[in-house]
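Work the whole structure out from these sequences, hints included.
Residues per chain are reported as follows:
There are 2 protein chains.
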Amino acid sequence: MNFNVNSARNITLVMDFYELTMSYNYFKQGKKDEIVYFDMFYRKNPDDGGVVIAAGVQQLIEAIQNMHFSDGDIDYLRGLGVFDEAFFDYLRNFKFTGSIWAVPEGTPVFPYEPLVTVKAPIIEAQMIETFLLVTINHQSLIATKTRRIVQEAKGRPVMEFGARRAQGYDAATYGARAAYIGGAAGTATVSAGKIFNIPVLGTMAHSFVQSFDNEYDAFKAYAEIYPDNCILLVDTYDTLKSGVPNAIEVAEQVLEPMGKRLAGIRIDSGDIAYLTKKARAMLDVAGLTDCKISISNSLDEYLIRSVLEQGAQIDSFGVGENMITSKSAPVFGGVYKMAAVERDGKIIPKIKISENTEKITNPGYKKVYRLIEKETNKAIADLITFADEIIDPDDDLTIYSQLDKWLNKTLPAGEFKFYELQKEVFKDGKCVYPEFTLDEIREYKKKQEELLWDEVFRLEYPHKYYVDLSRKLIDYKLKMLEEKRG
Amino acid sequence: MNFNVNSARNITLVMDFYELTMSYNYFKQGKKDEIVYFDMFYRKNPDDGGVVIAAGVQQLIEAIQNMHFSDGDIDYLRGLGVFDEAFFDYLRNFKFTGSIWAVPEGTPVFPYEPLVTVKAPIIEAQMIETFLLVTINHQSLIATKTRRIVQEAKGRPVMEFGARRAQGYDAATYGARAAYIGGAAGTATVSAGKIFNIPVLGTMAHSFVQSFDNEYDAFKAYAEIYPDNCILLVDTYDTLKSGVPNAIEVAEQVLEPMGKRLAGIRIDSGDIAYLTKKARAMLDVAGLTDCKISISNSLDEYLIRSVLEQGAQIDSFGVGENMITSKSAPVFGGVYKMAAVERDGKIIPKIKISENTEKITNPGYKKVYRLIEKETNKAIADLITFADEIIDPDDDLTIYSQLDKWLNKTLPAGEFKFYELQKEVFKDGKCVYPEFTLDEIREYKKKQEELLWDEVFRLEYPHKYYVDLSRKLIDYKLKMLEEKRG
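Protein sequences appear in the order of chains A and B. The opening position of the first sequence corresponds to residue 1498 in this note's numbering, with each subsequent residue numbered one higher. The opening position of the second sequence corresponds to residue 1498 in this note's numbering, with each subsequent residue numbered one higher.
Note that these hints are calculated values from the structure, not bench results. Glycine residues also receive a C-beta, built at the ideal position from the N, C-alpha and C atoms. Heads up, some of the hints might be wrong.
Which bits of chain A does chain B cover? Going by a derived footprint, with three or more residues having C-beta under 8 Å, they are [as the list claims (entries may be wrong)]: (1) 1601 to 1611; (2) 1619 to 1630; (3) 1650 to 1661; (4) 1718 to 1726; (5) 1783 to 1790; (6) 1830 to 1844; (7) 1951 to 1960.
Okay, here's the thing in structure tokens:
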């Protein structure tokens, strides 16, 4: 298994070719070492939700640490006939020397705030762009989707079961990691279990049942080998007429004599509300009140909410394609935009203008803060400032909407506290960030979520959380817009 | 780069845990070597389309050839406390010994016909399930989506530009491979270019333009380094007021003195129809009639069709997230179902029954044929038969709908020809299938598509192509259904 990029995998060339054509240009123009600032942010929550769960920072770190161009890579690039040998010498010795700040994995984040900020020589900042985006976009997407699904399961465990429908091997493996961050109870994907120490679960497929002469024999064979955790798939032929009765018979004839109980049944098709209620009644009548019912049939957050509202008798869920691909919103649109350049040690903010106002960027080297109301200990808004601004909690603080200065709000002095959202991850090329376990990340996520009002997490029409700008930043931005447009 | 699983990557553990719990059970029950037959097929074309382009067979082959459990894998499994040492000894020496037939990559295929058929000891057939599905599902999905997009570009090149929005590194790399099979002209993803010899393309991002003091300087710098293939991104500030005029100026002041021409401009935002018409006119007036216009702004098959209908002046397209994730239909629902078991050398067909009739499987070890009308040289239908059936082209041939025997059609003797869709890929554990280049696969795809009526490829309400059963197969299936239900 070479999934751990630390040990064996170099994903440097998961790179858009334009990173190289630009880099070569910077190299030839003698401007490759100009220091620049880039922000990675996104513009819209997937599924019209109220929040995103940031994820993927650990894999970004590993990708950067392992970044190098092999001889084979350089041979390939040479064959393209676009670059010269001096550039290949540079690539051969490439090492990321910049600094990176990132929002910790598990943090609830919002549109337009920088999840990752990069300060680096322009050639380096450019060359990490593509895999930075792939990594954060993918894992944040799946963590966010999983959070929605888990929320609607209302405390019942939700297992990630989607490998076979994932968009490739990494999507299955890192997707399971992200799902676990998002709140899944475990995964069916063994690679993810191994690499990330995620609980794995799995019992049997229909083929197992089919491979025996009849369903009873299949269940019996399974119970004999796994008496301590016997979960039987009951819908191969007919859930209520065959599957559940056979499961009950095996509980009585095979497990009971061993002093064991039937742990559960799984239903993978049919009308969930109807079947689970009937199955529950049948199990209860047979005295199997402790036998759990697990469901796994093209579930998503809406279907889970619906069947529970209908009184379906479900103890746990297995969710496949809708989680592992975030099927209803399979793209997380994170972008990576230049925010500033340094000239003679001075930071010069840069802006990207667009006819679509939502595509206009926030200029400058910036920091993001979460503002917390002291009285409720709940977040009021996030605030983006220039990096050198200082927030004084003993002063009133006025914060401004991204584009409309008249949309603003003043927090009275003394009534709020704040903390910086991003942590330093790389400092001058060296990783300065600890590796957290996934369970630590889940714990952090839980604490961060408690700072937000429940209304932010609503599936439909969630409360819009504000990401505002400081006075200095909005003034500078509006001035730049006027200059460029005027 | 370890993307080539041939050399370095072992994806064995991209496996649902239930493959192992079942396998262990087979192992303990002494039935692991029972020969079984599995079919991989799907039930519904993505995007309500008429056809799927099969892809991924080469990666499936490599995954099987590299399949093994490392010491680390076994240590991990031991730690789960579920299996015994005898099983680990078996895993340590695991080798796939079965036979596999698969539809060649690039073949247009249809719901319910086996794209892959596996004959193997049950424990082996089970353990390859997950990665077989991931591989074929993912690549077939992207090849199919790309075919739709390329079709609507009506001969204009379509580049795959989606790495940053892909669901992980493999999705970027293998997705680009699948897109190239589906008809993309090339990719921006360097890893895919290197590994699969796909043409790569890329020029500059907005950040390149921003990194200079003004747009003209950026364009000039680019033109000086790439005079032979100078494509300029013109929408960083204002496409028509700044970008195109600056591009024209660079064409005249930088390129012309070198005896070079401006190769193209790229527009990445705004109203495509309007901007391209205006830009085309400006370029033409400046004598740059040979300068190409390239577009890359959240395109999909419908938007491409629409802007071309509006008379947009476009020479090529770059397509990102909508292609690399198949955003509108991001799941290819291929399944892997047991079709038969062997007992005492006899093949016993198996069926999976479901309350959803479309989930009922076709029993038995089978073959699939494409039937061609001699007069038109166009495909009439695909036909699934038991593997030992013989089609006699000198006899009338009656073919039957999947479930309704009264829905049938008779092809007159002598008026049709046929060929088998699947090729043998593994024979008793040995790969017997050549490795084709992607260009060979594209050529094969083109020839196979010519056998189908255009109406099958329509985006909306495509002609439904028939996948029918032989008399013997429908009779057997209906008999099994009656027995199981009765």
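Verification of the supplied hints:
1. Given a C-beta distance limit of less than 8 Å, the hint that chain B covers the region 1601 to 1611 of chain A is violated, as 0 residues qualify and 3 are needed.
2. Evaluation of the coverage hint for the region 1619 to 1630 of chain A: fulfilled, as 6 residues show C-beta separations to chain B shorter than 8 Å, against a requirement of three.
3. Only residues whose C-beta sits within less than 8 Å of a C-beta in chain B count toward coverage, and the region 1650 to 1661 of chain A has 3 of them, enough to reach three; the restraint holds.
4. Counting residues of the region 1718 to 1726 of chain A whose C-beta lies closer than 8 Å to any C-beta of chain B gives 4; at least three are required, and the coverage claim holds.
5. Coverage of a stretch by a chain is defined here by at least three residues with a beta carbon nearer than 8 Å to that chain's beta carbons; for the region 1783 to 1790 of chain A and chain B the count is 0, and the condition is violated.
6. Coverage of the region 1830 to 1844 of chain A by chain B holds. Counting CB-CB distances below 8 Å, 6 residues qualify, and the rule asks for three or more.
7. Counting residues of the region 1951 to 1960 of chain A whose CB lies closer than 8 Å to any CB of chain B gives 0, so the stated coverage by that chain is violated, three being the minimum.
In terms of the numbered hints stated before, the structure departs from hints 1, 5 and 7, listed from lowest to highest.
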